[in-house]
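Using the sequences and the hints given, assemble the complete structure.
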Amino acid sequence: MREQEMWHIVWRILSRTARQVVIPASLGLALASCGGRAIATDTGTVDVEAAETAPFLDQDVFARYGAPLYAAPMYGAPGPAPDYAAPFPRPVPEPDAG
Amino acid sequence: MLELLRQAGFSPRTCVWELTLACNLRCKHCGSNAGARRDDELNLEECLDVADQLAALGCQQVTLAGGEPTLHPAWHEIGRRLTDHRIRVNIISNGWHWTERQIEQARHARLMGVAFSLDGLEQEHDSVRRPGSYGRVVAAIESSVAAGLPTAVNTTINSLNRHSVPQVHSFLVEHGVFGWQVQIGTPTGNLAHHPELVLPPEDLLWLVPQLAELRRLADCPMKVHPADDIGYYGRYEQDLRDRASVVPFWIGCRAGCQVVGIESNGNVKGCLSLPSYDDGRFVEGNLRQSRLEQLWRRPGGFAYNREFTEEQLGGFCAVCRYRLFCRGGCSWTAFGHTGDRFDNPYCFYRQAVEHGRRDLLSEDPTAPETAFFDRRSDDVTAA
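Which chain is which? The protein sequence lines are A and B, in order. First residue of the first sequence: 1, per the numbering used here; consecutive thereafter. First residue of the second sequence: 1001, per the numbering used here; consecutive thereafter.
Source of the hints: derived by calculation from the structure; they are not laboratory data. Please note that the accuracy of each hint is not assured.
Said to hold, decoys possible - In silico contact screen, one side only, chain B against chain A (beta carbon under 7 Å); selected entries:
{"no.": "1", "residue": "PHE1249"}
{"no.": "2", "residue": "ARG1321"}
{"no.": "3", "residue": "ASP1340"}
Unchecked claim - Pair by pair, the computed Cβ-Cβ distance ranges are:
{"no.": "4", "chain 1": "A", "residue 1": "GLN4", "chain 2": "B", "residue 2": "ARG1101", "range": "52 to 58 Å"}
{"no.": "5", "chain 1": "B", "residue 1": "ALA1244", "chain 2": "A", "residue 2": "GLN4", "range": "19 to 25 Å"}
{"no.": "6", "chain 1": "B", "residue 1": "CYS1220", "chain 2": "A", "residue 2": "GLN4", "range": "28 to 34 Å"}
{"no.": "7", "chain 1": "A", "residue 1": "GLN4", "chain 2": "B", "residue 2": "ALA1303", "range": "27 to 33 Å"}
{"no.": "8", "chain 1": "A", "residue 1": "GLN4", "chain 2": "B", "residue 2": "ALA1371", "range": "20 to 26 Å"}
{"no.": "9", "chain 1": "B", "residue 1": "GLU1046", "chain 2": "A", "residue 2": "GLN4", "range": "48 to 54 Å"}
{"no.": "10", "chain 1": "B", "residue 1": "SER1276", "chain 2": "A", "residue 2": "GLN4", "range": "37 to 43 Å"}
{"no.": "11", "chain 1": "B", "residue 1": "THR1099", "chain 2": "A", "residue 2": "GLN4", "range": "51 to 57 Å"}
{"no.": "12", "chain 1": "A", "residue 1": "GLN4", "chain 2": "B", "residue 2": "HIS1355", "range": "20 to 26 Å"}
{"no.": "13", "chain 1": "B", "residue 1": "LEU1044", "chain 2": "A", "residue 2": "GLN4", "range": "49 to 55 Å"}
{"no.": "14", "chain 1": "B", "residue 1": "GLU1100", "chain 2": "A", "residue 2": "GLN4", "range": "52 to 58 Å"}
All figures in this text were calculated on a predicted structure; none of them were measured in a lab. No residue lacks a Cβ here, since even glycine has one placed at the ideal position from N, Cα and C.
Below you can see the structure in the form of structure tokens.
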């Protein structure tokens, strides 16, 4: 995964609530160039309100990661709560990474 | 990426709880010098209260650890209290004394799984743990699988067992293990006295691709989980993470942000692995003096992660292109190897850049990154 793709994902998440998102200056300019609109400043600050209408985001990337955010821990959904009434073996919830 | 954690909210979703420091083994790589129990370990009433506090703070998963947690006489009662709160609970045992009684206790506690420590093939395992311990842990794995307990294994990679990763993987699959966590040893505790066992950082250049390959095995019923001290970035980053996650890449240490560690005497840390000795900088307080919520919400608490700034980074981490995502990787690994929480040589990307392995990267290194090693090479030559 390339750095810019990672920033896209971060941007997608943070821009839902943050007023501004600070990203590396050089990368900000690269993001802006995707949509042809200078929404990233050379200080690395992207104005969220201005960016909301800018088509610079890679929609293919976000289509892949467009699931509801933070309904689950960072590294995957917690899985169903154990069914305590069920005998062993019971369904194994997805363990957290790490 | 601290902002992602901040937006999600600092909450102790995951807890690793050392029920006792008592242990019936003296492993050469034990990071906590386990052996004798602490003089001031929490009693059962205090432990049950801690369980209630964890639930009140929204904890979702607890790992019962040690020492050897089954040496705590009421480990299953504590586990049961946690699961009564609908917290998912598992336990990590060395398997030395795992009998039908412990299996029944695990059932009573309604554990979602048990994990055993297996550190390689027989000779490798016994040489770092105790003669005969391999046979016992394998028997524990077999009896747990046979009893229908979801059974996992943890393995610490060291210089002895590093060539056995594929064999151990096959062995565990054959034995019906459902999950395998792989980690590397950090020279704290007993391992600080056995430097010959410590995996050199450049070994990540083969370990990471190997784990990535094992994780890609589509028809394998066992999932491989690299621990937080293995990574980061480069060509295999997504292979190491859960691709279905909304953030399918490493976003840095979560100690004190989404993870909490509790020692058997009530000391609270962001991660149980972080050292308590020296100046105690990683100990946030004690549960005999403060409620967990007070410690968790204390302004200035867990500052090494919650109040991270880019300027704190040192060494290669300070110039790395992924520095704002990663924040120096695993806190314990960085501190254990360099004494600096924010300078971590145990990084796949760093090692690939240092050794000119562009074939292992997903994009070319930046000029400051290559200059870092060129400059260091010049310094060595001049000296």
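Quick rundown of the hints versus the structure:
1. PHE1249: holds (6 Å)
2. ARG1321: holds (5 Å)
3. ASP1340: Hint violated; ASP1340(B) Cβ to chain A Cβ min 21 Å, cut 7 Å.
4. GLN4(A) - ARG1101(B): 52 to 58 Å: For GLN4(A) and ARG1101(B) the Cβ distance comes to about 56 Å; the hint holds.
5. ALA1244(B) - GLN4(A): 19 to 25 Å: holds (22 Å)
6. CYS1220(B) - GLN4(A): 28 to 34 Å: Taking Cβ atoms as reference, CYS1220(B) and GLN4(A) lie about 32 Å apart, which means the hint holds.
7. GLN4(A) - ALA1303(B): 27 to 33 Å: At roughly 31 Å between Cβ atoms, ALA1303(B) and GLN4(A) fall inside 27 to 33 Å, so the hint holds.
8. GLN4(A) - ALA1371(B): 20 to 26 Å: Since GLN4(A) and ALA1371(B) have Cβ atoms about 21 Å apart, the given range 20 to 26 Å holds.
9. GLU1046(B) - GLN4(A): 48 to 54 Å: At 50 Å between Cβs, range holds.
10. SER1276(B) - GLN4(A): 37 to 43 Å: holds (41 Å)
11. THR1099(B) - GLN4(A): 51 to 57 Å: Holds: the Cβ-Cβ distance is about 55 Å, inside 51 to 57 Å.
12. GLN4(A) - HIS1355(B): 20 to 26 Å: holds (24 Å)
13. LEU1044(B) - GLN4(A): 49 to 55 Å: holds (53 Å)
14. GLU1100(B) - GLN4(A): 52 to 58 Å: holds (56 Å)
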